[in-house]
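Asks: Each chain, written out:
2 protein chains.
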Amino acid sequence: MQWNELSKENCSLARSLAVVGDRWTLLILRDAFLRVRRFEEFENSLGIARRVLSERLALLVEEDILKKVPYQENPPRYEYRLTEKGLDLYPVIISLVHWGDRHYAGRRGAPMLHTHKTCGHDFQSVLTCSECGESLNARDVTVRPGPGAKKRA
Amino acid sequence: MQWNELSKENCSLARSLAVVGDRWTLLILRDAFLRVRRFEEFENSLGIARRVLSERLALLVEEDILKKVPYQENPPRYEYRLTEKGLDLYPVIISLVHWGDRHYAGRRGAPMLHTHKTCGHDFQSVLTCSECGESLNARDVTVRPGPGAKKRA
Numbered sequence: 011m012q013w014n015e016l017s018k019e020n021c022s023l024a025r026s027l028a029v030v031g032d033r034w035t036l037l038i039l040r041d042a043f044l045r046v047r048r049f050e051e052f053e054n055s056l057g058i059a060r061r062v063l064s065e066r067l068a069l070l071v072e073e074d075i076l077k078k079v080p081y082q083e084n085p086p087r088y089e090y091r092l093t094e095k096g097l098d099l100y101p102v103i104i105s106l107v108h109w110g111d112r113h114y115a116g117r118r119g120a121p122m123l124h125t126h127k128t129c130g131h132d133f134q135s136v137l138t139c140s141e142c143g144e145s146l147n148a149r150d151v152t153v154r155p156g157p158g159a160k161k162r163a
Numbered sequence: 011m012q013w014n015e016l017s018k019e020n021c022s023l024a025r026s027l028a029v030v031g032d033r034w035t036l037l038i039l040r041d042a043f044l045r046v047r048r049f050e051e052f053e054n055s056l057g058i059a060r061r062v063l064s065e066r067l068a069l070l071v072e073e074d075i076l077k078k079v080p081y082q083e084n085p086p087r088y089e090y091r092l093t094e095k096g097l098d099l100y101p102v103i104i105s106l107v108h109w110g111d112r113h114y115a116g117r118r119g120a121p122m123l124h125t126h127k128t129c130g131h132d133f134q135s136v137l138t139c140s141e142c143g144e145s146l147n148a149r150d151v152t153v154r155p156g157p158g159a160k161k162r163a
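Residue numbers (the working numbering), protein chains in the order written: chain A, 11 to 163; chain B, 11 to 163.
Just so you know, these hints were derived from the structure itself, not from any lab.
Be aware that a few hints might be false.
Since the list gives no way to pick out one identical chain from another, each pair is judged satisfied if it fits inside one copy or across any two copies.
[Said to hold, decoys possible] Computed list of lysine to aspartate or glutamate pairs in DMTMM-like fashion (alpha-carbon distance at most 25 angstroms, straight line): (1) LYS77 with GLU144; (2) LYS127 with GLU73; (3) LYS160 with GLU94; (4) LYS95 with ASP32; (5) LYS160 with GLU89; (6) LYS77 with ASP150; (7) LYS127 with GLU50; (8) LYS160 with GLU144; (9) LYS127 with GLU65; (10) LYS77 with ASP41; (11) LYS160 with GLU72; (12) LYS77 with ASP98; (13) LYS127 with GLU144; (14) LYS77 with ASP132.
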């Protein structure tokens with residue numbers, strides 16, 4: 011199997027997970043997409059220890075996923091906002107949400123509804139192909155080593 | 011903020027993360043989408059401790075994300091295949107891969123290329139709205155409590 015020749019370090023999924031692959035970080039990002047911005051708001055929303063929250067926020071800032079923006083001068087206070095790179099994570103978050111809606115929502119239905127402002131409707135997210143526009147599923151896809159693949163030893 | 015009134019337990023993202031929100035589990039799922047199926051193949055591909063792999067596979071089977079299928083009778087041997095619920099995780103995995111491609115691939119480009127068999131082209135995944143078909147991004151979306159939201163205390 012050629013996939014096993016590609017080292018973990020050379021896998022885009024492994025690289026993504028190294029940054030965002032833990033529960034607290036993904037829950038912080040969920041809150042950021044829900045427009046939570048201040049340290050105390052994250053703390054209250056998540057019930058997370060301040061030290062852990064500090065560490066996770068610092069990593070997200072270091073990785074340019076969140077940026078610190080001053081909202082008060084004296085004393086200086088900052089809030090955390092998604093960068094473009096952070097906003098690029100939206101498909102990951104909404105796909106996890108919709109998967110949870112589909113498989114864990116229970117009888118009463120989804121805890122949250124998402125409305126597409128552009129068309130005004132509640133939506134489900136649909137993954138499509140950039141080239142033909144059709145919906146994508148795993149069975150329709152093949153993979154092969156790309157330009158950044160490691161050469162065989 | 012009304013979002014803070016929705017408890018974590020009542021959040022589809024939190025529910026999803028409770029099942030698939032750790033690195034090993036997501037790497038096992040990556041391999042499953044790359045058609046890795048047998049215990050020893052996962053072990054070799056991931057360099058994971060057998061006990062940890064066993065635990066994660068058992069959880070994924072219990073959650074009906076993978077199913078055990080016999081491939082040998084004497085002694086009995088099983089392989090692990092994605093169920094429909096597991097295949098539903100494809101948008102999560104491919105979104106994480108493409109985010110990694112975009113932001114961590116380095117100069118040489120993506121380690122893997124994905125081809126859409128239906129149209130024959132290498133693709134990027136595009137998240138679209140089920141209702142109008144336009145591409146979705148976080149800024150175009152609003153959220154509100156759904157039928158499964160907890161009532162205010």
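Asks: Indicate, hint by hint, whether the structure satisfies it.
Replies: Hints versus structure:
no. : hint               : in the structure
1   : LYS77 with GLU144  : neither (35 angstroms within a copy, 28 angstroms between copies)
2   : LYS127 with GLU73  : neither (29 angstroms within a copy, 34 angstroms between copies)
3   : LYS160 with GLU94  : neither (29 angstroms within a copy, 32 angstroms between copies)
4   : LYS95 with ASP32   : both (18 angstroms within a copy, 21 angstroms between copies)
5   : LYS160 with GLU89  : neither (40 angstroms within a copy, 28 angstroms between copies)
6   : LYS77 with ASP150  : between (37 angstroms within a copy, 20 angstroms between copies)
7   : LYS127 with GLU50  : neither (29 angstroms within a copy, 48 angstroms between copies)
8   : LYS160 with GLU144 : neither (31 angstroms within a copy, 36 angstroms between copies)
9   : LYS127 with GLU65  : neither (34 angstroms within a copy, 43 angstroms between copies)
10  : LYS77 with ASP41   : within (15 angstroms within a copy, 33 angstroms between copies)
11  : LYS160 with GLU72  : neither (27 angstroms within a copy, 36 angstroms between copies)
12  : LYS77 with ASP98   : within (14 angstroms within a copy, 32 angstroms between copies)
13  : LYS127 with GLU144 : both (22 angstroms within a copy, 11 angstroms between copies)
14  : LYS77 with ASP132  : neither (30 angstroms within a copy, 33 angstroms between copies)
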